[in-house]
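Trainee: Based on these hints, arrange chain V on the given structure of chain Z.
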Amino acid sequence: MERSEAELIAAVLKGDRASFEPLVEKYSPRVFATARRYARRESEIEDIVQEVWLKAFDKLKSFRGEAPFEHWLMRMAVRTCYDFLRGHQRNRESSFSEISEPEEDWLERYAADPGSAPEDADAAKLLIDRVLGKLSPEARLVIQLLEIEDRSVKEIAQITGWSVPLVKVRAFRARSEMRKILTRMTKEKYL
Amino acid sequence: MKPAELQKKLIATARLQVPDDRVPYAFEKRIMALIAARAVVDKWVFWTRGLWRAAIPCAAVALIFAAVSLFVPAAADSGNDLSQDFENTLLASVDQPDIASMP
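As given, the protein sequences belong to chains Z and V, one line each in that order. Each residue of the first sequence is one higher than the one before, starting from 51 at the first, in this note's numbering. Each residue of the second sequence is one higher than the one before, starting from 2 at the first, in this note's numbering.
Keep in mind that the hints were calculated from the coordinates and are not lab data. Please note that the accuracy of each hint is not assured.
Stated by the list, open to error - Computed cross-link-like contacts, BS3-like style, restricted to lysine-lysine with a CA-CA straight-line distance of at most 27 Å: (1) Z:184 <-> V:3; (2) Z:76 <-> Z:109; (3) Z:105 <-> V:30.
Stated by the list, open to error - Among the chain V residues that face chain Z by a calculated CB cut under 10 Å, a handful are: (4) 18; (5) 23; (6) 39; (7) 40.
For each residue, glycine too, the CB sits at the ideal point set by N, CA and C.
Chain Z on its own, in the form it takes in the complex (with noise of 0.2 Å):
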């Protein structure tokens, strides 16, 4: 009979580590996921989503069983992610010199007429992945929470761990921070 949630994270508190191993089993695909949209090696991934599993092991004692262990779970995994941002801040590319010719014609297309170029066009995607690379840690985590994962200032609050109005003015500042390195990128290439 297969055990519920709650009564293998109990084991796992009891003491019985091999409980931990089904959780672990049905929760890495969502995990992998989220460390996906914020690193680009596999191996970074592997490592997060590694840290992510030792972390939740560790702290498995503070898990109250109030939320679903999958929210707290991609709480934690979430700030682990930023915290690899933050320590990847080094890598951030300094110059848009090295955008592909298929970025380059996508950017054309758009200047051209921009409902020429496609949204799911191979070249917007590196393009995006490309400009989100270049945002702060907290930039980035907030335009991904945000704008593309369209959750809430509370949900990310909570997610996070910062205030809602520190979310709001980070909100302001990544949006602000982007469009300048968009604006940077459009004068580099077509001024």
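Mentor: Below, chain V alone, put in the same frame as chain Z:
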């Protein structure tokens, strides 16, 4: 080219991207092995931490006794030397002459 419009377009692109949720083969086994390995290390950590903690009060006690022995003046009468008395008591059995060899 308006950056605000481009921003909206690129955000829309990002929304269309569904992140890959593929998990490497036997990843859960790797996590469980790591947890088990850490538990072994933790036992050592427990002992080393305890010993380090005990080292601090031990050093403090040693310092106090060193200070006391340095600053408290020694008694003028060397006949009442505690260390000498202690040594005499400890070695009393060895110092006793062999009764069998006595005339």
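Trainee: Now tell me if each hint is right for this structure.
Mentor: Status of the hints after comparison with the structure:
The hinted pair formed by residue 184 of chain Z and residue 3 of chain V meets the criterion: a straight-line CA distance of about 19 Å does not exceed 27 Å. For the given pair, residue 76 of chain Z sits about 18 Å from residue 109 of chain Z by alpha-carbon distance, which is consistent with the 27 Å threshold. Using a Cα cut-off of 27 Å, the hinted pair residue 105 of chain Z and residue 30 of chain V holds, with the two alpha carbons roughly 16 Å apart. The criterion of a C-beta within 10 Å of any C-beta in chain Z is met by residue 18 of chain V, whose closest approach is roughly 6 Å, and the hint holds.
The beta carbon of residue 23 of chain V comes within 7 Å of a beta carbon in chain Z, closer than 10 Å, and the hint placing it at the interface holds. At about 7 Å, the closest approach between the beta carbon of residue 39 of chain V and any beta carbon in chain Z falls short of 10 Å, and the interface hint on this residue holds. With a cut of 10 Å, the hint placing residue 40 of chain V at the interface with chain Z holds, because the nearest CB-to-CB distance is about 7 Å.
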